[in-house]
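First to last, the protein sequences are chains A and B.
With full-length UniProt numbering, the residue at position 247 of the first sequence is 247, and numbering never jumps.
With full-length UniProt numbering, the residue at position 225 of the second sequence is 225, and numbering never jumps.
Honestly, the hints are just simulated from the structure, not real lab data.
Computed from a predicted model, the values in this text were never measured in an experiment.
Keep in mind that a hint or two might mislead.
Claimed, not checked - Cβ-Cβ distance ranges computed for the label pairs, FRET-style:
1. THR214/B - SER167/A: 19 to 29 angstroms
2. ARG237/B - ARG109/A: 56 to 66 angstroms
3. LEU147/B - PRO66/A: 37 to 47 angstroms
4. THR312/B - THR67/A: 28 to 38 angstroms
As the list claims (entries may be wrong) - Now the stretches of chain A that chain B is said to cover, found in silico as 3 or more residues with beta-carbon under 8 angstroms:
5. 61-70
6. 285-294
Cβ coordinates follow ideal geometry from the N, Cα and C atoms, glycine included.
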Amino acid sequence: MTPPTPTTSGATVSAQTSARDGVLRVDGEVIAIRRAGAYHHLTIVAPGVAELARPGQFAALAVGGPTTGNLLRRSFSIHKVSPSGTYGGTLDLVIAAKGPGTQWLTELRAHDAVDVVAPLGRAFPLPTEPVPCILVGGGYGSAPLFWLAEVLRERGCPVEMVLGAGSEDRLFGVVEARRAADGVTVTTDDGSAGHRGWVSDVLPEVFRRTGAPVAYACGPMGMLQSVTRVAAEHGAVAQVAVEEAMACGVGVCMTCVMPVRDKAGVTKMVRSCVEGPVFRGDRVRWEAFHDGVCGVPADAVGAPQAGGH
Amino acid sequence: MAGSPRVDLSVPIGAGRVLPNPVMTASGCAANGRELHRFFDVSQLGAFVTKTVMMEPRSGRGTPRMAETASGMLNSIGLQGPGIRAFVEQDLPWLKSVGARVLVSIAGNTAGEFADVARVLADSDAFDCVVGVEVNISCPNVANRGLVFACDPLSSAKVIALVREQLPRDVPMFAKLTPDVTDIVSIADAAVKAGATGLTMINTLLGMVIDTDTLRPHLGGITGGLSGPSIRPVAVRALWQVTQAMRAGRFQTVPLIGVGGVRTGRDALELIAAGATMVQVGTATFNDPTAPQRVIGELETAVAAHGVDCVTGLVGIAHDRMVIP
Ligand SMILES: Cc1cc2nc3c(=O)[nH]c(=O)nc-3n(C[C@H](O)[C@H](O)[C@H](O)COP(=O)(O)OP(=O)(O)OC[C@H]3O[C@@H](n4cnc5c(N)ncnc54)[C@H](O)[C@@H]3O)c2cc1C
Ligand SMILES: Cc1cc2nc3c(=O)[nH]c(=O)nc-3n(C[C@H](O)[C@H](O)[C@H](O)COP(=O)(O)O)c2cc1C
Ligand code: FES
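Using the sequences plus the hints, can you model the full thing?
Quick look at the structure:
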């Protein structure tokens, strides 16, 4: 077996064949943690991840240290990566403290160790032509969009951003958006910043003005559903990054499934950690989701039959 | 590996077959191999245990399918899977291609379906990579009001006998038991007498979590299976009781596979000392995708620390070490 590769920061990497398989488990090290409104912005030394990662992919972090009782990994969109910093490759995440795992992560300090598996999942597919694109972020869901904007603009795509949140402190990256995009619209539910209301209130105007054939979105499920609907009303495709509860993040536990149609229109319960988190919005069976619970549509492959299992 | 202790980790799985080490994945905690192979070579494992497969494709249950609990988790997947035909066409040949030894986990809604699944498996082209079959009888029997097969000695025996007929004699067959019974020894006894050449213990324990914000059941399936380090004492107890019964001659002695809460080599050694010849690593894989491979090395160190040179020397050793004042 190959011994773990030591790096300049002391972080170690273990992987079978990294380049071919595109994912690493890394003993990372926090080098910076700072507040960003209601969130924490972490920069982690994770050698090798930057070279493999693309916008829309995520990282799964172990929490609580090696003897913790919180066994399950926590997943976060990759905000940005930098391949060759002073420290040898970093990864940035934006984390909202919620339960015990995210609390632990947001209490980390510079030089603390953190176990990272990344990059995971399917990235945002990019247009082949230099078409205008709309990027929609809800709350911390905007985290992966700035890096996406950069990649799109490199390909000549004009980028419009729409950022929404409950209140001003829950918006992430408004200043960065002005740099990363050609136009920015902000909404908050309480009107504390930008337009009062939801992103879906302002989206029709943005579609009309830009004529964008594609929208990329990341945020709460309800928002992704409305972005998909508004995009369809304007003849556009929505590529949405979903958030479903995940236990492993690497495709082995089957907890993160959701009903999605394939190319042939057949609905299957697919793992959002490997076949997602990015899906074409019009393929997701939104009607199966109700208030945090998702059922199995009756026409899904292998759905429970009456009187069966 | 330079400097590591020399211990013979090889173990007999039954029917004259030997595995290079006792560590396996646990069914449903490693999918069918490709995902973990990105992190380590799955052919290094004693055996790779596949996700329980039934006759037809199954969607499984809705979500949420999991809840984290103190040192463990609750899951309610509902045996999602592609069906045995897709399994033997796509998954098994892949496992064979990377050189894995495979323990295939099967189930059915009825005793007859278990046998049908076993027949398709035994007839498949890649069957030569199969080192054994694990019969997951810890699932509901549709013909018996959904009562779990492994909760009833007669239903357990029927499934085992029917599957045995479909498998070649030289293929070891393990019955996987649930700890949610009053007397696990009587179920073990029934399974062995019906032809099981080994037993896997334990499957998950039935549990439930209520979300205290919404005050409703957390899981879409309402109840779910509890797994992880929190259930390890239950696995140790089950292995202990069944080993004791076999030692007392209540039924024939067969190899046991211990599963439940193994996270480290020391945890694996605990199950071995209780009576397990082999050990599976399940939920710990979600914490560390390299856990099954890591446990092999840690177990080697832990065995060497006891001054023995082969792991089989420690199987059931705790039964011989009781201090009787
Ligand atoms: C692809 C993806 C990208 C994400 N990106 C971000 C991000 O950039 N920033 C951010 O703050 N959060 C993000 N999340 C949500 C984040 O994963 C959860 O908030 C976090 O796992 C909750 O952990 P906890 O310890 O606070 O809560 P707990 O409720 O204690 O978590 C218990 C278990 O449930 C799982 N879980 C609970 N809620 C969620 C959820 N909403 N999504 C996934 N798993 C959950 C946890 O992984 C853990 O296994 C993302 C989720 C996914 C799936
Ligand atoms: C998400 C999940 C899915 C599982 N699926 C199966 C399964 O399909 N068949 C089976 O026999 N056991 C299944 N199990 C049970 C495990 O194989 C194992 O018996 C149990 O989890 C205890 O071991 P652990 O504590 O190491 O996880 C599953 C467990 C989990 C956590
Ligand atoms: S989170 Fe485990 S399979 Fe997706």
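Do the hints match the structure? See the list:
1. For THR214/B and SER167/A, the Cβ-Cβ distance of about 22 angstroms falls inside the hinted range of 19 to 29 angstroms, so the restraint holds.
2. The hint said 56 to 66 angstroms for the Cβ distance between ARG237/B and ARG109/A, and at roughly 42 angstroms that hint is violated.
3. About 41 angstroms separates the C-beta atoms of LEU147/B and PRO66/A, a value consistent with the hinted range of 37 to 47 angstroms.
4. A C-beta distance of roughly 30 angstroms is found between THR312/B and THR67/A, which places it inside the suggested range of 28 to 38 angstroms.
5. Restraint check on the region 61-70 of chain A versus chain B: 3 residues with Cβ-Cβ distances below 8 angstroms, three needed, restraint holds.
6. Counting residues of the region 285-294 of chain A whose beta carbon lies closer than 8 angstroms to any beta carbon of chain B gives 4, which meets the minimum of three for the stated coverage.
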